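K.L.:
Below are the chains, spelled out letter by letter.
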Amino acid sequence: MCWGVPAKILSLDGPTALVDFGGVKKEVVVAASGISSGDLVMIHAGMIIGKLSPEDFMENVALYRDIRTQELLDAGLDEKAAKEKATDETDKLLNSLGVRGSIASIEPEVAEPMAVAEKEIFIPSNAFKRSYKVSLSDTDYLQVMHYTNYFRFCERAQQELLEGLGFSYAALIHKFGLFVPTVETSGRILGPVRLDNMIEVAVWVEEVGRKHIKFRNVIKNLTSGKVVAECSTVSVCTDTTLMESMPLPAELAEKLKRYMVETD
Amino acid sequence: MVRYLKSQLDDRELIRQVFRQNLPLASKLRDTIWKYASAIREREKCDAIKIMNFCGTHEWTTTYYGLRDLLPPFLDMVAGPGCPVCVVPSYYVDVAVKLAREGIRIYTYGDSLRLRSAKAGCPASLQEVKVDGGDVKVVYSFLDAARDSREQGKESVFFGIGFETTAPSYALTLTRGMVSEDLKFLNVMRLTPPSMKYTVKIHQERGLLPIRGVIAPGHVSTIIGAAEWEFLPRVHGLPTVVAGFEPIDVLMAVAQILLMIKENRPAVKIEYKRLVKWGGNEYAKKLIDEVFERAYAAWRGLGFIPRSGLKLKGEFFEKHDALKHFDVPDLTPKEFIYTHAHHGVPWEHDLPPRCRCGEVIVGIAKPADCPLFMKGCSPLNPWGPCMVSSEGACAIWARYSEMSSVKSEARSGDG
Ligand code: SF4
Ligand code: SF4
Chain E
241 MCWGVPAKIL SLDGPTALVD FGGVKKEVVV AASGISSGDL VMIHAGMIIG
291 KLSPEDFMEN VALYRDIRTQ ELLDAGLDEK AAKEKATDET DKLLNSLGVR
341 GSIASIEPEV AEPMAVAEKE IFIPSNAFKR SYKVSLSDTD YLQVMHYTNY
391 FRFCERAQQE LLEGLGFSYA ALIHKFGLFV PTVETSGRIL GPVRLDNMIE
441 VAVWVEEVGR KHIKFRNVIK NLTSGKVVAE CSTVSVCTDT TLMESMPLPA
491 ELAEKLKRYM VETD
Chain W
900 MVRYLKSQLD DRELIRQVFR QNLPLASKLR DTIWKYASAI REREKCDAIK
950 IMNFCGTHEW TTTYYGLRDL LPPFLDMVAG PGCPVCVVPS YYVDVAVKLA
1000 REGIRIYTYG DSLRLRSAKA GCPASLQEVK VDGGDVKVVY SFLDAARDSR
1050 EQGKESVFFG IGFETTAPSY ALTLTRGMVS EDLKFLNVMR LTPPSMKYTV
1100 KIHQERGLLP IRGVIAPGHV STIIGAAEWE FLPRVHGLPT VVAGFEPIDV
1150 LMAVAQILLM IKENRPAVKI EYKRLVKWGG NEYAKKLIDE VFERAYAAWR
1200 GLGFIPRSGL KLKGEFFEKH DALKHFDVPD LTPKEFIYTH AHHGVPWEHD
1250 LPPRCRCGEV IVGIAKPADC PLFMKGCSPL NPWGPCMVSS EGACAIWARY
1300 SEMSSVKSEA RSGDG
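Sequences listed follow chains E and W, in order.
Just so we're aligned: the first sequence equals residues 241 to 504 in this note's numbering.
Just so we're aligned: the second sequence equals residues 900 to 1314 in this note's numbering.
Since the hints were made in silico from the structure, they are not lab data.
Some hints here could point you the wrong way.
In silico DSSO-like links for lysine-lysine, alpha-carbon gap of 27 Å or less [what the hints assert, rightly or not]:
id: 1; chain 1: E; residue 1: K291; chain 2: W; residue 2: K1053
id: 2; chain 1: E; residue 1: K266; chain 2: W; residue 2: K1036
id: 3; chain 1: E; residue 1: K248; chain 2: W; residue 2: K1184
id: 4; chain 1: E; residue 1: K332; chain 2: W; residue 2: K927
id: 5; chain 1: W; residue 1: K1036; chain 2: W; residue 2: K1210
id: 6; chain 1: W; residue 1: K1096; chain 2: E; residue 2: K373
id: 7; chain 1: E; residue 1: K373; chain 2: W; residue 2: K1100
id: 8; chain 1: W; residue 1: K1185; chain 2: W; residue 2: K1218
id: 9; chain 1: E; residue 1: K248; chain 2: W; residue 2: K1176
id: 10; chain 1: W; residue 1: K1096; chain 2: E; residue 2: K466
id: 11; chain 1: W; residue 1: K1223; chain 2: E; residue 2: K332
id: 12; chain 1: W; residue 1: K1161; chain 2: W; residue 2: K1029
id: 13; chain 1: W; residue 1: K1161; chain 2: E; residue 2: K466
id: 14; chain 1: W; residue 1: K1029; chain 2: E; residue 2: K320
id: 15; chain 1: W; residue 1: K1185; chain 2: W; residue 2: K1212
id: 16; chain 1: W; residue 1: K1100; chain 2: E; residue 2: K325
id: 17; chain 1: E; residue 1: K291; chain 2: W; residue 2: K1100
id: 18; chain 1: W; residue 1: K1185; chain 2: E; residue 2: K266
id: 19; chain 1: E; residue 1: K248; chain 2: W; residue 2: K1185
id: 20; chain 1: W; residue 1: K1100; chain 2: E; residue 2: K369
Which bits of chain E does chain W cover? Going by a derived footprint, with three or more residues having C-beta under 8 Å, they are [unchecked claim]:
id: 21; region: 254-263
id: 22; region: 315-325
Derived contacts from chain W toward chain E, CB cut-off under 8 Å, selection only [unchecked claim]:
id: 23; residue: D910
id: 24; residue: R911
id: 25; residue: V917
id: 26; residue: Q920
id: 27; residue: T956
id: 28; residue: T1064
id: 29; residue: T1065
id: 30; residue: E1104
id: 31; residue: L1108
id: 32; residue: A1154
id: 33; residue: Q1155
id: 34; residue: R1173
id: 35; residue: W1177
id: 36; residue: V1244
id: 37; residue: P1245
id: 38; residue: W1246
Predicted model only: the values in this text are computed from it and were never measured.
Where a beta carbon is used, it is the ideal one built from N, C-alpha and C, also for glycine.
Please work from the sequences and hints to get the whole structure.
P.N.:
Below, the structure written as structure tokens:
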């Protein structure tokens, strides 16, 4: 039903027209403005969808020149020579079919390239990475991960990072009498994560102060290949009994350097 | 056009000569395509570059003229959901069949005549009803159906399938009072940009080889305008070319897409300049808005896609909607039925057993990947929807994929 077939207008009668498909005549409806008899039009499922004009035909052909120009530019010709050569070749092609005319006057099309939405999000090579599978309990009614869980996964990766350095939460509490609650966080969610998707959480350290650590996270959805969230959090080293901030143990600060990257 | 261009050829013939039987140009374009495609592959170390041709008719051109043989093997040209027959949910076939059996005259395009319902049982298609003596009539256009029904003065239903390209013809015929109240409209109108969006997303979510470029529909864009595809480069970074339906059109589109990938400058371009404008056909768009509104709509094998359909609005709905008139519930998303207690029928997976059309129409599977292809399912005896219409990917592969070097003229016209 979708074939479009060109036809000539024989006569117009209000919303309908009689057209000639090169022998076969047929009545069709006119769904385009500015049509007069003698025009060449495109018919689609019993309806005129548009007019084929000579000017547009030439523009269509000129497109080949644009492709060819680019190719000649790549081959090392300068702009003017490339355009002239391409125009010449295209005209020859038309002339060989007996068309006397030139596309020289048609301006090449400069399509505005569109900026691709997101810029590459930077993940340093020394970041600590962990992959997780998203389970039912992480998702919401639409089986998309609920936003709070993006933070949970970030937290989990941070916890595992510390654990890998020999500072599991239990060790911090029982050996050092401290813990590292998160006191500040900010993040942007950039895309969905669905049930059963695999995600990769990258975490690195942006700042180690006397009493705080600033973590930075990027979550990538491995199933779709897209970065879906970025967030940063600040954890403060806190005494478990006094509930007051205290300096970070020197060895921890030292070991964190492994994951240290300064961004922004 | 003849006089203007001072060519000895008739204008239609000229279009054919330039865009169809133009071997020198085709071979130049082939070289360009090979060069760019190889450069991209070299740079990205990728196995394949996937380009989607949205339209059934583009798939036809690609297969019929054997373009895949001309192009590098690592250039993966896949079909998209661009055939309005393939995507008609099985439920509407059931409704049409039921009405036909109740003695109501059904008007349909030839393409949808053999569309089978997914339900087991007989008759499963309008054709089978017709063979059994049902009143099913094949028409060329809605206009013809309107004429015929006025003469007959009998209760009748038009099986209204189509994309944006067909909508204006329905709208025009309805608004000009050419349709009598006896003729009802069984609405299965669908819109193309939402399904394109869905297709791109499916590829991302399932982590499949991503689509790198899109050949956008030529005739749909004649109506809606090339600007409607702007979301493809902006949101998804996909080079998009609105192309015509001759082999040279498709080759030019592929060359342009590759050029944009290579330069990393995704944009929408119009190749089909002889017909398509940026803003489309304003007159036709206005007509559509007068009669239709956007609706949540189901696609066969895919399910519901938001705002992807059209439905009659206002007085047109009151007067001509077939489902309303015969009090048949419409397909409704499950959640709506549960949460709002709507009266409706939930969409269910609606392909016959083992048919893979749901994957074929989004470019995930090739027709030949289906276990039934040319076994239980062939153009003479279509089992799944993609084997029915001449633009269904399976039907095209079945008919032409063996004869890649066809150069003869089986089809007249430019589209
Ligand atoms: S342009 Fe033609 S073939 Fe393509 S989707 Fe539209 S109506 Fe169908
Ligand atoms: S070959 Fe037939 S059954 Fe298989 S996907 Fe195509 S239409 Fe469906």
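K.L.:
Determine for every hint whether it applies to the structure shown.
P.N.:
The hints, checked one at a time:
The hinted pair formed by K291 (chain E) and K1053 (chain W) fails the criterion: a straight-line CA distance of about 36 Å is larger than 27 Å. A hinted pair counts as satisfied when its Cα atoms are at most 27 Å apart, and K266 (chain E) with K1036 (chain W) qualifies at roughly 18 Å. For the proposed pair K248 (chain E) and K1184 (chain W), the alpha carbon gap of about 23 Å is at most 27 Å, so the pair holds. This hinted pair checks out: K332 (chain E) and K927 (chain W) have alpha carbons roughly 14 Å apart, not beyond 27 Å.
A hinted pair counts as satisfied when its Cα atoms are at most 27 Å apart, and K1036 (chain W) with K1210 (chain W) qualifies at roughly 23 Å. Between K1096 (chain W) and K373 (chain E) the CA atoms are separated by roughly 26 Å; this keeps the pair inside 27 Å, and the hint holds. Restraint check for K373 (chain E) and K1100 (chain W): satisfied, since their Cα atoms lie roughly 20 Å apart, inside the 27 Å limit. Restraint check for K1185 (chain W) and K1218 (chain W): satisfied, since their Cα atoms lie roughly 20 Å apart, inside the 27 Å limit.
Under the criterion of a C-alpha separation no larger than 27 Å, the hint pairing K248 (chain E) with K1176 (chain W) is consistent with the structure, at around 21 Å. The straight-line distance between the Cα atoms of K1096 (chain W) and K466 (chain E) is roughly 16 Å, inside the 27 Å bound, and the hint therefore holds. At most 27 Å may separate the alpha-carbon atoms for a hinted pair to count; K1223 (chain W) and K332 (chain E) exceed this at roughly 60 Å. With a CA separation close to 54 Å, the supplied pair K1161 (chain W) and K1029 (chain W) exceeds the 27 Å bound.
As the CA atoms of K1161 (chain W) and K466 (chain E) are separated by approximately 21 Å, the hinted pair is consistent with the 27 Å bound. About 65 Å separates the Cα atoms of K1029 (chain W) and K320 (chain E), which puts this hinted pair outside 27 Å; it is violated. The suggested pairing of K1185 (chain W) with K1212 (chain W) holds, with an alpha-carbon distance near 14 Å, which does not exceed 27 Å. Only pairs whose Cα atoms come within 27 Å are accepted, and K1100 (chain W) paired with K325 (chain E) is rejected, the gap being roughly 42 Å.
Taking the CA atoms of K291 (chain E) and K1100 (chain W), the gap is about 35 Å. The hint is violated against a cut of 27 Å. Restraint check for K1185 (chain W) and K266 (chain E): satisfied, since their Cα atoms lie roughly 25 Å apart, inside the 27 Å limit. At most 27 Å may separate the alpha-carbon atoms for a hinted pair to count; K248 (chain E) and K1185 (chain W) meet this at roughly 25 Å. As the CA atoms of K1100 (chain W) and K369 (chain E) are separated by approximately 26 Å, the hinted pair is consistent with the 27 Å bound.
Counting residues of the region 254-263 of chain E whose C-beta sits closer than 8 Å to any C-beta of chain W gives 5, which meets the bar of three, so the coverage hint holds. With a threshold of 8 Å between beta carbons, the proposed coverage of the region 315-325 of chain E by chain W is violated, since 0 of its residues qualify and at least three are required. Nearest Cβ of chain E to the Cβ of D910 (chain W): about 6 Å, under the 8 Å cut. The hint holds. Among the interface hints, the one on R911 (chain W) holds; its C-beta lies about 6 Å from the nearest C-beta in chain E, closer than the 8 Å criterion.
Checking V917 (chain W) against chain E: minimum C-beta separation of about 6 Å stays under 8 Å; hint holds. Checking Q920 (chain W) against chain E: minimum C-beta separation of about 10 Å lies over 8 Å; hint violated. A cut of 8 Å between beta carbons decides the hint on T956 (chain W): the least distance to chain E is about 5 Å, and the hint holds. About 5 Å separates the beta-carbon of T1064 (chain W) from the nearest beta-carbon of chain E, less than 8 Å, and the hint is met.
Nearest Cβ of chain E to the Cβ of T1065 (chain W): about 5 Å, under the 8 Å cut. The hint holds. About 5 Å separates the beta-carbon of E1104 (chain W) from the nearest beta-carbon of chain E, less than 8 Å, and the hint is met. The restraint placing L1108 (chain W) at the interface with chain E is violated, with a minimum CB-CB distance near 11 Å, outside the 8 Å limit. For A1154 (chain W), the interface hint holds, the least distance from its beta-carbon to any beta-carbon of chain E being 5 Å, beneath 8 Å.
Contact between Q1155 (chain W) and chain E, as hinted, is supported at the beta carbon level, the nearest pair being about 6 Å apart and thus within 8 Å. Taking 8 Å as the C-beta contact cut-off toward chain E, the hint placing R1173 (chain W) at the interface holds, the least distance being around 4 Å. Evaluation of the W1177 (chain W) hint against chain E yields a violated restraint, the C-beta minimum of about 11 Å exceeding 8 Å. Of the supplied interface hints, the one on V1244 (chain W) is violated, with its beta-carbon coming no nearer than about 22 Å to a beta-carbon of chain E, more than 8 Å.
This hint is violated: P1245 (chain W) has a C-beta 17 Å from the nearest C-beta of chain E, more than the 8 Å allowed. Contact between W1246 (chain W) and chain E, as hinted, is not supported at the beta carbon level, the nearest pair being about 17 Å apart and thus beyond 8 Å.
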